[in-house]
Amino acid sequence: DGGITQSPKYLFRKEGQNVTLSCEQNLNHDAMYWYRQDPGQGLRLIYYSQIVNDFQKGDIAEGYSVSREKKESFPLTVTSAQKNPTAFYLCASIQTGTGNEKLFFGSGTQLSVL
Amino acid sequence: AQKITQTQPGMFVQEKEAVTLDCTYDTSDPSYGLFWYKQPSSGEMIFLIYQGSYDQQNATEGRYSLNFQKARKSANLVISASQLGDSAMYFCAMREISGTYKYIFGTGTRLKVLA
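The listed protein sequences derive, respectively, from chains A and B. Mapping to our numbering: the first sequence position 47 is 47, numbers consecutive. Mapping to our numbering: the second sequence position 16 is 1016, numbers consecutive.
Incorrect hints may appear among the rest.
Unchecked claim - Here are the computed distance ranges between Cβ atoms for each label pair:
#1 Glu1044/B / Asn18/A: 37 to 45 Å
#2 Val1078/B / Asn18/A: 38 to 46 Å
#3 Ser1080/B / Lys70/A: 37 to 45 Å
As the list claims (entries may be wrong) - Below, simulated DSS-like cross-link-like pairs (lysine-lysine); rule was C-alpha separation at most 30 Å, straight line:
#4 Lys9/A / Lys102/A
#5 Lys83/A / Lys14/A
#6 Lys1102/B / Lys57/A
#7 Lys9/A / Lys1102/B
#8 Lys1003/B / Lys102/A
#9 Lys102/A / Lys1112/B
#10 Lys102/A / Lys70/A
#11 Lys57/A / Lys83/A
#12 Lys1016/B / Lys1112/B
#13 Lys1102/B / Lys102/A
#14 Lys57/A / Lys1073/B
#15 Lys1070/B / Lys1102/B
#16 Lys83/A / Lys70/A
#17 Lys1016/B / Lys9/A
#18 Lys1102/B / Lys1073/B
#19 Lys1016/B / Lys102/A
#20 Lys83/A / Lys1070/B
#21 Lys1102/B / Lys83/A
#22 Lys71/A / Lys9/A
#23 Lys57/A / Lys70/A
#24 Lys1070/B / Lys102/A
#25 Lys1102/B / Lys70/A
#26 Lys1003/B / Lys1112/B
#27 Lys1070/B / Lys1016/B
#28 Lys1102/B / Lys71/A
#29 Lys1073/B / Lys1112/B
#30 Lys1073/B / Lys102/A
#31 Lys71/A / Lys1003/B
#32 Lys1003/B / Lys57/A
Said to hold, decoys possible - In silico negatives: residues of chain B with every beta carbon more than 10 Å from chain A:
#33 Tyr1025
#34 Asp1026
#35 Ser1028
#36 Gln1057
#37 Tyr1064
#38 Lys1070
#39 Lys1073
#40 Leu1084
What the hints contain is simulated information worked out from the structure, not anything from laboratory work. Only a predicted model underlies this, so the values are computations on that prediction, with no experimental measurement involved. We treat Cβ as the ideally placed atom computed from N, Cα and C, and that holds for glycine.
Turn these sequences into a full structure, and let the hints guide you.
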């Protein structure tokens, strides 16, 4: 079955450590997204990518980095510069140019700081 | 800049009754899309309904309908005949069609259906 796989489901980060969240999709979608969800703040856009080897900053990109070397993969690195990384992270994707505006989401990664 | 506002942090509704979840938006783009997603306690995001800014009729999907009032820039979700399984977080979202594929979300409304 086609879908988006996020791993790991739970992740713990030590102070000063970089961690990488994985997002893989086998839907052949062009665009991929990373959102951060905090209680009471909804989903905030971190980064998005419309094509391979290109990505744009969202509203809260500071302290995060991404890469899009392959169409199916869009990993998110939470760097040590992100001082408050504890949150639920959601990856999403969509096939652009089809008129189908439905975003597909992964099941999320809960990141906590030790 | 595009913006989505959901002013109801939490709502209660009696089982089998209808409920309206509010969403207002702001954009200077004449072409845009509006969405609603449901997030149960499991964390998954479930697409509910979509409305395009040029659609003449309000969107409906089963028990879900979108009350689209363009002049007021509102896109309220109406859930009819509420069920216990409707208890969840509900998010309104938007994309400006003539811009990039950037989707933004509101802060959400937590709905609790009472038996």
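These are the hints, each one checked on the structure:
1. The beta-carbon spacing between Glu1044/B and Asn18/A, approximately 27 Å, falls outside the hinted interval of 37 to 45 Å.
2. Against the hinted window of 38 to 46 Å, the Cβ-Cβ separation of Val1078/B and Asn18/A comes to about 45 Å, which satisfies the hint.
3. About 44 Å separates the C-beta atoms of Ser1080/B and Lys70/A, a value consistent with the hinted range of 37 to 45 Å.
4. Note on Lys9/A and Lys102/A: the hinted pairing holds, with a Cα-Cα distance of about 23 Å set against a maximum of 30 Å.
5. Under the criterion of a C-alpha separation no larger than 30 Å, the hint pairing Lys83/A with Lys14/A is consistent with the structure, at around 11 Å.
6. The suggested pairing of Lys1102/B with Lys57/A holds, with an alpha-carbon distance near 10 Å, which does not exceed 30 Å.
7. Restraint check: the Cα-Cα separation between Lys9/A and Lys1102/B comes to about 25 Å, which is no more than 30 Å; the hinted pair holds.
8. The straight-line distance between the Cα atoms of Lys1003/B and Lys102/A is roughly 19 Å, inside the 30 Å bound, and the hint therefore holds.
9. Distance restraint check for Lys102/A and Lys1112/B: the Cα-Cα separation of roughly 25 Å lies within the 30 Å cut-off, and the hinted pair is therefore satisfied.
10. Under the criterion of a C-alpha separation no larger than 30 Å, the hint pairing Lys102/A with Lys70/A is consistent with the structure, at around 22 Å.
11. Distance restraint check for Lys57/A and Lys83/A: the Cα-Cα separation of roughly 18 Å lies within the 30 Å cut-off, and the hinted pair is therefore satisfied.
12. Distance restraint check for Lys1016/B and Lys1112/B: the Cα-Cα separation of roughly 12 Å lies within the 30 Å cut-off, and the hinted pair is therefore satisfied.
13. A threshold of 30 Å between alpha carbons decides the hint, and for Lys1102/B with Lys102/A the separation of about 13 Å falls inside it, so the pair holds.
14. Simply put, Lys57/A and Lys1073/B have alpha-carbon atoms about 26 Å apart, close enough for the 30 Å limit, and the pair holds.
15. For the suggested pair Lys1070/B and Lys1102/B, the alpha carbons sit about 21 Å apart, so the restraint of at most 30 Å is met.
16. The suggested pairing of Lys83/A with Lys70/A holds, with an alpha-carbon distance near 29 Å, which does not exceed 30 Å.
17. Annotation: proposed proximity of Lys1016/B to Lys9/A is violated, straight-line Cα distance about 35 Å (limit 30 Å).
18. In summary, the hint linking Lys1102/B to Lys1073/B is supported, as the alpha carbons are separated by about 19 Å, within the 30 Å threshold.
19. About 28 Å separates the Cα atoms of Lys1016/B and Lys102/A, which keeps this hinted pair within 30 Å; it holds.
20. The suggested pairing of Lys83/A with Lys1070/B is violated, with an alpha-carbon distance near 40 Å, which exceeds 30 Å.
21. Of the supplied pair hints, the one linking Lys1102/B and Lys83/A holds, its CA atoms being roughly 25 Å apart against a limit of 30 Å.
22. Taking the CA atoms of Lys71/A and Lys9/A, the gap is near 22 Å; set against the 30 Å cutoff, the hint holds.
23. Proximity of Lys57/A to Lys70/A is assessed by CA-CA distance (about 18 Å); at most 30 Å being required, the pair is judged to hold.
24. Distance restraint check for Lys1070/B and Lys102/A: the Cα-Cα separation of roughly 21 Å lies within the 30 Å cut-off, and the hinted pair is therefore satisfied.
25. Straight-line distance between C-alpha atoms of Lys1102/B and Lys70/A comes to about 20 Å, which keeps the hinted pair within the 30 Å bound.
26. For the hint linking Lys1003/B to Lys1112/B, the alpha-carbon distance of about 26 Å falls within 30 Å, and the restraint holds.
27. For a cut-off of 30 Å, the pair hint linking Lys1070/B to Lys1016/B stands: about 29 Å separates their Cα positions.
28. Pair hint Lys1102/B plus Lys71/A holds up; C-alpha atoms about 18 Å apart against a cutoff of 30 Å.
29. Proximity of Lys1073/B to Lys1112/B is assessed by CA-CA distance (about 26 Å); at most 30 Å being required, the pair is judged to hold.
30. Between Lys1073/B and Lys102/A the alpha-carbon distance is near 21 Å, which keeps this suggested pair within the 30 Å criterion.
31. A C-alpha spacing of about 29 Å is found between Lys71/A and Lys1003/B, which places the hinted pair at or below 30 Å, so the restraint holds.
32. Restraint check: the Cα-Cα separation between Lys1003/B and Lys57/A comes to about 17 Å, which is no more than 30 Å; the hinted pair holds.
33. At roughly 13 Å, the least C-beta separation between Tyr1025/B and chain A is larger than 10 Å, which holds for a residue marked as non-interface.
34. Look at Asp1026/B: its CB is around 15 Å from the nearest CB on chain A, clear of 10 Å, so calling it non-interface holds up.
35. The non-interface label for Ser1028/B is consistent with chain A: the shortest C-beta to C-beta separation is roughly 17 Å, beyond 10 Å.
36. For Gln1057/B, the requirement that its beta carbon stay farther than 10 Å from each beta carbon of chain A is met, with the minimum near 17 Å.
37. Here Tyr1064/B stays apart from chain A, with its beta-carbon at least about 14 Å from theirs, past the 10 Å limit.
38. The claim that Lys1070/B is not at the interface with chain A holds, since no C-beta of that chain comes within 10 Å of its own (minimum 17 Å).
39. No Cβ of chain A approaches the Cβ of Lys1073/B within 10 Å, the least distance being about 18 Å, so the stated non-interface status holds.
40. For Leu1084/B, the shortest C-beta to C-beta distance to chain A comes to about 23 Å, beyond the 10 Å cut-off, and the non-interface label holds.
Taken one by one, the earlier hints fail for this structure at numbers 1, 17 and 20, listed in ascending order.
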